[in-house]
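Chemist: Sequence:
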Amino acid sequence: MSSKRFAHQLLHWYQTQGRKNLPWQKNRLPYNIWVSEIMLQQTQVVTVIDYYQRFMARFPDVNSLAAATTDEVMHLWAGLGYYTRARNLHRCAQKVVTEHQGEFPVHSLEAMQNLPGIGPSTAAAICAFSTGQRAVILDGNVKRVVARYFAIEGWYGKAQVSKQLWQAADQLTPNEQLPEYTQAIMDLGATLCTRSKPQCEICPVASGCAAKAQNLTEQLPTPRPKKTLAQKTRYALVVLNSQGAVLLEKRPDQGIWGGLWSFPEFTDPQALEEWILTHQPLAKLEPSLKITQSHLFSHYQLTLHLWVAQLAKPQLAENPANYTNQLNWYDQKKFGNIGLAAPIKKYFSC
DNA sequence: CAATCGTGGAA
DNA sequence: TTTCCAAGATT
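Sequential numbering of the first sequence, starting at -5, is according to the numbering used here.
Hint data in this document are derived by calculation from the structure and do not stem from the laboratory. Every residue, glycine too, gets a C-beta built ideally from N, C-alpha and C. Please note that the accuracy of each hint is not assured.
[Unchecked claim] Derived pair list, reagent style PhoX-like, types lysine-lysine, alpha-carbon separation capped at 25 angstroms: (1) Lys191 - Lys206; (2) Lys226 - Lys157; (3) Lys206 - Lys157; (4) Lys226 - Lys340; (5) Lys278 - Lys206; (6) Lys220 - Lys284; (7) Lys221 - Lys157; (8) Lys307 - Lys221; (9) Lys327 - Lys340; (10) Lys340 - Lys284; (11) Lys226 - Lys307; (12) Lys191 - Lys226; (13) Lys89 - Lys152; (14) Lys327 - Lys339; (15) Lys(-2) - Lys157; (16) Lys221 - Lys(-2); (17) Lys152 - Lys220; (18) Lys328 - Lys339; (19) Lys(-2) - Lys20; (20) Lys307 - Lys278; (21) Lys307 - Lys327.
[Said to hold, decoys possible] Derived DEER-like restraints, expressed as beta-carbon distance ranges: (22) Ala224 - Thr41: 38 to 48 angstroms; (23) Val39 - Gln225: 42 to 52 angstroms; (24) Tyr324 - Gln36: 48 to 58 angstroms; (25) Arg52 - Lys89: 35 to 45 angstroms; (26) Thr41 - Gln326: 20 to 30 angstroms; (27) Pro54 - Gln304: 44 to 54 angstroms; (28) Glu170 - Trp149: 27 to 37 angstroms; (29) Arg52 - His6: 37 to 47 angstroms; (30) Lys328 - Ala51: 15 to 25 angstroms.
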């Protein structure tokens, strides 16, 4: 059976060419594997490494993470992107502590998938790495490898194509050496079977690759259909008080930068000025100070106009009674206690 | 099911 | 400079 030959060839290549010294490969503890897998979702290895080291130094185990404040978790995640991951990570830790006696249910793929932030592929990766049980992953690397190996056409954002890829990945997955195989197929995709200029000449499974046989490696996997990037314009309020603290608002979980702190944001200038006059009759706009930031996301481009305001009545404006855990003043010395959205980091160059 | 959700590296 | 998308999950 060709699938057995695939695993055999891949595992032989992995012995000498696989990646074995990444920070999360020092042990095979479910907690360590889990943190790395969540960080690595849609994020490149080189980007994750520093975040992983800092995170593990602060939260060495699931109990320490479960006991942390959301703000501190978000602080260590700020800059990594996809902040739902961080909020789910925190929730997941608390759920493992309260419902699973502090131990990940790694012997049940289904139980793992019922934890927040852990989907089919991540559950399989954690289970395979930590227990060696047979579990099928399908990350971006594996999608690319199997799409080429079986010459599967179509964008894998489509459900039907995704289903085919899962079946193909399942077919190739062996019954033994799951930790090694799981790492190996990701390494192949990351180092040889790359998006552009794959190194088929030295690929261990080239002999069975349908894309190579049909000269389709450049066409596969089928790229995402192009679509024009949406544009958004927003207005944000920048206020510093007499102590040098800045007024920040915690962003709602739904939407961009969810759970991070940013400048109070408005859809239009009228809303911004109205907010100052009614909700906070404490400041006056300084029209001469307007700063424009540009932020590019996967699905839209944001133009953010920062309007700098000055406090008209500092003694009132700085009264703590006027503020909540969703809206408050933050001195830059306390920036280490919360997660800051990109506009804040850009404005303060931190 | 299709859209949403970040950031930075590579080409 | 522009385009593409990476160790995907959630709604």
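Chemist: Of the hints stated earlier, which fail here?
Modeler: Violated hints: 2, 5, 6, 8, 11, 12, 13, 16, 19, 22, 23, 24 and 25; rest satisfied.
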